[in-house]
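We have chain V already, so just place chain Y on it with the hints.
As a plain string of letters, each chain reads:
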Amino acid sequence: MSWSRRISRRRFLVVAAATVPAAAAALEPWRAIVAVRRDHSLAARLARLVAHRDSARVIGGEYLQMLGGGVDRLQLVAALASELPGGHRAAGAASAEELAELVAGRVRQDFEDERTISLRGWIVSVTEARLAAIAGTTPQRPAA
Amino acid sequence: MLSDARELPDGAELEGDVCIVGAGAAGLAVARALIRTPLRIILLEGGGLQFESDTQSLYEGPVAGVPYFPLDTARLRFFGGSTNHWGGICRRFDPSDFERRDWIPGSGWPIGLADVEPYYSAARELVQLPTDDWDVDQWEEEDELEAFPRSDRMATRVSQIVPKSKRSFGSAYSRELEAAETVRCYLHANVVEIDTNEAASAVTKLRVATLTGKRMSVAARYFVLATGGIENPRLLLASNRRRPNGLGNDHDLVGRYFIEHPRFEAGVLAPARRTLQAGFYEAHHVEGTEIQGYLALPFDVQRSEQLVDVQLLMDPVYDPRFERALESDDVDSLESLVQDRGGGSIGDFGSNLMKVVGDLTTGRRFTVPGAPLPVPHPDVVRKLVASPEVVRDSIPDLLGNIAGFSYKRAVGAAPLDAITIRSRIDQAPNRDSRVTLVRERDALGMPRARLDWRLSELDRHSAVRTMEIIGAAVARAGLGRLRVMVDADDRSWPTDLAGGYHHMGTTRMSDAPETGVVDGACRVHGIANLFVAGSSVFTTGGSSTPTLTIVALALRLADHLKRIAA
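Protein chains in written order, with my numbering: chain V, 1 to 144; chain Y, 145 to 710.
Note that these hints are calculated values from the structure, not bench results.
All values reported here derive from a predicted model rather than from experimental measurement.
Accuracy of the hints is not assured; some may be wrong.
What the hints assert, rightly or not - Distance windows between CB atoms, simulated:
{"hint": "1", "chain 1": "Y", "residue 1": "Thr639", "chain 2": "V", "residue 2": "Gln65", "range": "20 to 28 Å"}
{"hint": "2", "chain 1": "Y", "residue 1": "Arg180", "chain 2": "V", "residue 2": "Asp113", "range": "56 to 64 Å"}
{"hint": "3", "chain 1": "Y", "residue 1": "Thr639", "chain 2": "V", "residue 2": "Glu114", "range": "22 to 30 Å"}
{"hint": "4", "chain 1": "Y", "residue 1": "His428", "chain 2": "V", "residue 2": "Ser95", "range": "40 to 48 Å"}
{"hint": "5", "chain 1": "V", "residue 1": "Asp113", "chain 2": "Y", "residue 2": "Leu289", "range": "25 to 33 Å"}
{"hint": "6", "chain 1": "Y", "residue 1": "Asp259", "chain 2": "V", "residue 2": "Glu114", "range": "30 to 38 Å"}
{"hint": "7", "chain 1": "Y", "residue 1": "Trp247", "chain 2": "V", "residue 2": "Gln65", "range": "33 to 41 Å"}
{"hint": "8", "chain 1": "V", "residue 1": "Gln65", "chain 2": "Y", "residue 2": "Glu449", "range": "27 to 35 Å"}
{"hint": "9", "chain 1": "Y", "residue 1": "Lys308", "chain 2": "V", "residue 2": "Gly61", "range": "48 to 56 Å"}
{"hint": "10", "chain 1": "V", "residue 1": "Gly87", "chain 2": "Y", "residue 2": "Glu449", "range": "27 to 35 Å"}
{"hint": "11", "chain 1": "Y", "residue 1": "Gly209", "chain 2": "V", "residue 2": "Asp54", "range": "41 to 49 Å"}
{"hint": "12", "chain 1": "Y", "residue 1": "Ser448", "chain 2": "V", "residue 2": "Gly61", "range": "34 to 42 Å"}
What the hints assert, rightly or not - Some residues of chain V that are not near chain Y, with every Cβ distance over 10 Å (derived):
{"hint": "13", "residue": "Arg38"}
{"hint": "14", "residue": "Asp39"}
{"hint": "15", "residue": "Met66"}
{"hint": "16", "residue": "Gln75"}
{"hint": "17", "residue": "Ala78"}
{"hint": "18", "residue": "Gly87"}
{"hint": "19", "residue": "Ala90"}
{"hint": "20", "residue": "Gly92"}
{"hint": "21", "residue": "Ala93"}
{"hint": "22", "residue": "Gln140"}
Claimed, not checked - Negatives, chain V to chain Y, calculated, CB over 10 Å:
{"hint": "23", "residue": "Gly69"}
{"hint": "24", "residue": "Val71"}
{"hint": "25", "residue": "Leu84"}
{"hint": "26", "residue": "His88"}
{"hint": "27", "residue": "Thr137"}
Even glycine gets a Cβ: it sits at the ideal position worked out from N, Cα and C.
Looking at chain V on its own, in the form it has when it is part of the complex (with noise of 0.2 Å):
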């Protein structure tokens, strides 16, 4: 009879009740590692759909004024992300053409919606205004 054979079904029940949730307790460090490793990772995918950083820097700039500071490029990764269809996970999992159509189907909805923010008089849906301000404040790599 080996050993886990003697435990019994209920004293199982028990420990594990008592053990998993100090293990995740423990993992959260990681777990939070992970969704930043995660989000820095989308923020770099997003920025490269814009290919005018210069310009997202102008344009993204003005929206990060006008939001006062404070607001930083994981929340706006975050934000974005989680209002696409299917929200993080499927813009992680999306292809580079996956996620440019995502963004664009969430900038078409923001206009449908009038959810739009009003930059330097210029009617701008707040995904695009988002999305600027991740690609401007996303470094970009080093040329090759």
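The following block gives chain Y in isolation, referenced to the frame of chain V:
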């Protein structure tokens, strides 16, 4: 018969069945409609057959409130009136223009479109427009140019434009009136006072003066004032012999509710692609008729947003250097054109925005995103096979530089830099916006008119909100991005704010004398035989130009006079 009042003996007493004051669009329409009746018509015109500065100066008067044109330049005082200098733009009113809109205090005519509708076709003939067609879909079918896609948030409307050579009613109808046996038209005959019976319940005669010092009078069974939105109230207010506040003014309404079509540069549209077709919104000819499209909000949106109607007129701005290059075979000019390309009228910020927008649209359409080199997107290849013209039209955007311009030159499409957007507002009725009299008198001894034009926050808010909604709609349709040039938080008006030379509302139409000067038949409340023709009777002005409706209402009034005078 056409004659000059200056040649009549001093103290002459004229008599007819109907006396019409003013030979502009409204007065001539009434007179012409009565030609073939037994009624004896007297038509009084203050000016001659041509412009005369001494007569024109009778219109001078001070201006207060919102800056406005000098009053003596805002209309013309000679035969044909302001049709001698109008733009010829015509459109019928919509049903909603007549309706009471709860969110617009003072709106709601006592008559509806159904009452005016029977006269629009005849009015259209009188202003010499070739067709009764006002439907956008119909025009679009016949037009090589397309309107922007319609949606539940963005509508396109169409105006017709009278050819310049046919705009003057004076030129068009002077011979006909001269030949008419029942019409006596007196030039240089200025009405200076309306006389009534003791109770001021009926007009007995008009006092007339010439600048040469002659005085005469005109008696008639019916009188029609058709002297425009400033002179009509001026005459009523100045005729205070029986009523100290003037005629028809027992409720202090004559001259109040002056409305215009305030207009200003409201924004700019940065096109999503430089080959965007916006020609439908420029004045252009379709099978012999000049038309022009413009954007507006569908009435349902106006209602849900509680806005007044705002028309958006568009002026496409093409690259002038491209136009020059088209005329030249010199490649150098093409190169300098490319090197010299700036941001156009959308400015640097707009250029940057459109680059970001373009990265999400044009770039995605043509290349695989994220690829280290511009790899053609499989969709492009598919589209090329399925619909070569779609890709052909987009090639200039893809190529951008000299090759793009050469391509455009080859296909003959002018690159669009921007579209300037001007708004024209259906001003909300405003009791404080008004025409009054001042102490200063003109050469005939009449008190001069003073205009105090006032606008409201609803007017301003409607212009801004309309632009925002249209801005979202054009973006959703993939047409581009729109900039609103009016600051939503700033209560001031743009410095280029001006009127449209449309003087309306000062003898407004209403069923009750407490809320209007004339009734649904255009008769002055309380005065049995005094009528008013022209846009001064408009309860609200609509956002369309007024002339066609002025003429339609005048024809309706003529019909009414035929019935009651028979």
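Hints and how they fare:
1. Y:Thr639 / V:Gln65: 20 to 28 Å: Distance hint for threonine 639 of chain Y, glutamine 65 of chain V holds at roughly 26 Å.
2. Y:Arg180 / V:Asp113: 56 to 64 Å: Taking Cβ atoms as reference, arginine 180 of chain Y and aspartate 113 of chain V lie about 59 Å apart, which means the hint holds.
3. Y:Thr639 / V:Glu114: 22 to 30 Å: holds, 29 Å
4. Y:His428 / V:Ser95: 40 to 48 Å: At roughly 45 Å between Cβ atoms, serine 95 of chain V and histidine 428 of chain Y fall inside 40 to 48 Å, so the hint holds.
5. V:Asp113 / Y:Leu289: 25 to 33 Å: This hint holds: roughly 30 Å between Cβ atoms.
6. Y:Asp259 / V:Glu114: 30 to 38 Å: About 37 Å separates the Cβ atoms of aspartate 259 of chain Y and glutamate 114 of chain V, which means 30 to 38 Å holds.
7. Y:Trp247 / V:Gln65: 33 to 41 Å: The hinted range 33 to 41 Å holds for tryptophan 247 of chain Y and glutamine 65 of chain V, with Cβ atoms some 35 Å apart.
8. V:Gln65 / Y:Glu449: 27 to 35 Å: holds, 29 Å
9. Y:Lys308 / V:Gly61: 48 to 56 Å: Holds - the Cβ-Cβ distance for lysine 308 of chain Y and glycine 61 of chain V, about 50 Å, lies within 48 to 56 Å.
10. V:Gly87 / Y:Glu449: 27 to 35 Å: Holds: the Cβ-Cβ distance is about 32 Å, inside 27 to 35 Å.
11. Y:Gly209 / V:Asp54: 41 to 49 Å: Between glycine 209 of chain Y and aspartate 54 of chain V, where Cβ atoms are some 46 Å apart, the hint holds.
12. Y:Ser448 / V:Gly61: 34 to 42 Å: With a Cβ separation near 35 Å, serine 448 of chain Y and glycine 61 of chain V satisfy 34 to 42 Å, so the hint holds.
13. Arg38: Given a closest Cβ separation of 18 Å, the condition holds.
14. Asp39: holds, 18 Å
15. Met66: holds, 13 Å
16. Gln75: Non-interface label on glutamine 75 of chain V holds, nearest chain Y Cβ at 20 Å vs cutoff 10 Å.
17. Ala78: holds, 20 Å
18. Gly87: holds, 20 Å
19. Ala90: Holds, since 16 Å exceeds 10 Å.
20. Gly92: holds, 15 Å
21. Ala93: holds, 15 Å
22. Gln140: Check passes; 13 Å lies beyond 10 Å.
23. Gly69: holds, 20 Å
24. Val71: Since the minimum Cβ distance to chain Y is about 18 Å, valine 71 of chain V lies beyond 10 Å and the statement holds.
25. Leu84: holds, 13 Å
26. His88: holds, 19 Å
27. Thr137: Threonine 137 of chain V clear of chain Y: closest Cβ-Cβ about 14 Å, beyond 10 Å.
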